[in-house]
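Participant: Okay, here's what each chain looks like letter by letter:
There are 2 protein chains.
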Amino acid sequence: MAAPAVSIRACRAEDCADIVRMIRELAEFENLSEQVKISDQGLCEDGFCQDPFYKCVVAEVPRECQSKDGHTLIGYGLYFFTYSTWKGRNIYMEDLYVMPEFRGKGIGKKLMSTIAQIGLEQGCTQMKFSVLDWNRPAIDFYLSKEATDLTATEGWHVFRFEAEAMRRLASGE
Amino acid sequence: MAAPAVSIRACRAEDCADIVRMIRELAEFENLSEQVKISDQGLCEDGFCQDPFYKCVVAEVPRECQSKDGHTLIGYGLYFFTYSTWKGRNIYMEDLYVMPEFRGKGIGKKLMSTIAQIGLEQGCTQMKFSVLDWNRPAIDFYLSKEATDLTATEGWHVFRFEAEAMRRLASGE
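Chains A and B, in that order, are what the protein sequence lines are.
So the first sequence is numbered by this note's numbering: it starts at 1 and just counts up by one.
So the second sequence is numbered by this note's numbering: it starts at 1 and just counts up by one.
Careful: at least some of the hints might be erroneous.
In this list, chains with the same sequence are indistinguishable; a pair is considered to hold if it fits within one copy or across any two.
Unchecked claim - Here are the computed lysine-lysine pairs in the DSS-like style, where the Cα-Cα straight-line distance is at most 30 Å:
no., residue 1, residue 2
1, Lys37, Lys87
2, Lys87, Lys68
3, Lys37, Lys55
4, Lys37, Lys145
5, Lys68, Lys110
6, Lys145, Lys109
7, Lys55, Lys109
Just so you know, the hints here were simulated from the structure itself, not pulled from any lab data.
Note that the structure is predicted; figures quoted are calculated from it, not measured.
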């Protein structure tokens, strides 16, 4: 099959249900789907409020190239701006996903390229993201694009406080 | 010595030189000071523009409790809001630092508590941060506060593209 005429564009509020569908598909692939608590409404509120908590680009195919189950939004890249006190402005790619039946056509690369462009336009000098250590195909792909695995090379570990621990911290316990 | 009368407050533009001084002190401790490229002016522009890239709280002591070399800003916690597509709003603590001569008085805990409060007020259900794997005292402290090491438990590795790799990505190479 020839590459579908995919277009990459900023997400709109009405795309949120499709994005949540793909968030769930990605989490299933990562074997961590029990952690998904987001709703269409929550995602929409957080991305389309006065100071949005994230930005997102989607990959869209024409109706004639739709997925087997009738979807035309077939990939997304969700990102936000962060900050390095060493290097300044950063862009962080939280998720990058393409539906399995549309893989191998360069769509993930186009989404990532678009996020890199947006980061450079905003003066970012670094683009970060996280990958599960067993996801070797993804790691090999990112390394081939000259990403550095900071956990392996410098020893950075990511930590998280959940809401209950945050509340204890906040109360000074 | 009794605990100094430390106050925790939001940083102001005129604090940026002191914060850059402490950013350098922290990077020296982390043996990665060659990576520090930030300037007072850059930090000020990025934190006090229309859509700031970060927020920061500082720990301040009265003049009579100043450090040996005359500083009254003796710690800081720099943070920003990020997003989890599984859980929603997150707060990310990029740096937490207290000058060595002021440690052991609960000042780091106060800074961290303040950041947790701000996160909860903004509806965040998670607070994340990164620690170097050899910094055992820090790791033990965070684990005692019920943080989870996501790299150890789930296998998350942090990756980074530098500017040159971003430009290649952006150009579609």
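Participant: So, for every hint listed, does it hold in this structure?
Facilitator: Status of each hint after checking the structure:
no., hint, verdict
1, Lys37 to Lys87, "between (33 Å within a copy, 5 Å between copies)"
2, Lys87 to Lys68, "between (44 Å within a copy, 29 Å between copies)"
3, Lys37 to Lys55, "both (19 Å within a copy, 27 Å between copies)"
4, Lys37 to Lys145, "between (32 Å within a copy, 24 Å between copies)"
5, Lys68 to Lys110, "within (22 Å within a copy, 54 Å between copies)"
6, Lys145 to Lys109, "within (10 Å within a copy, 40 Å between copies)"
7, Lys55 to Lys109, "within (18 Å within a copy, 32 Å between copies)"
In terms of the numbered hints stated before, the structure departs from none.
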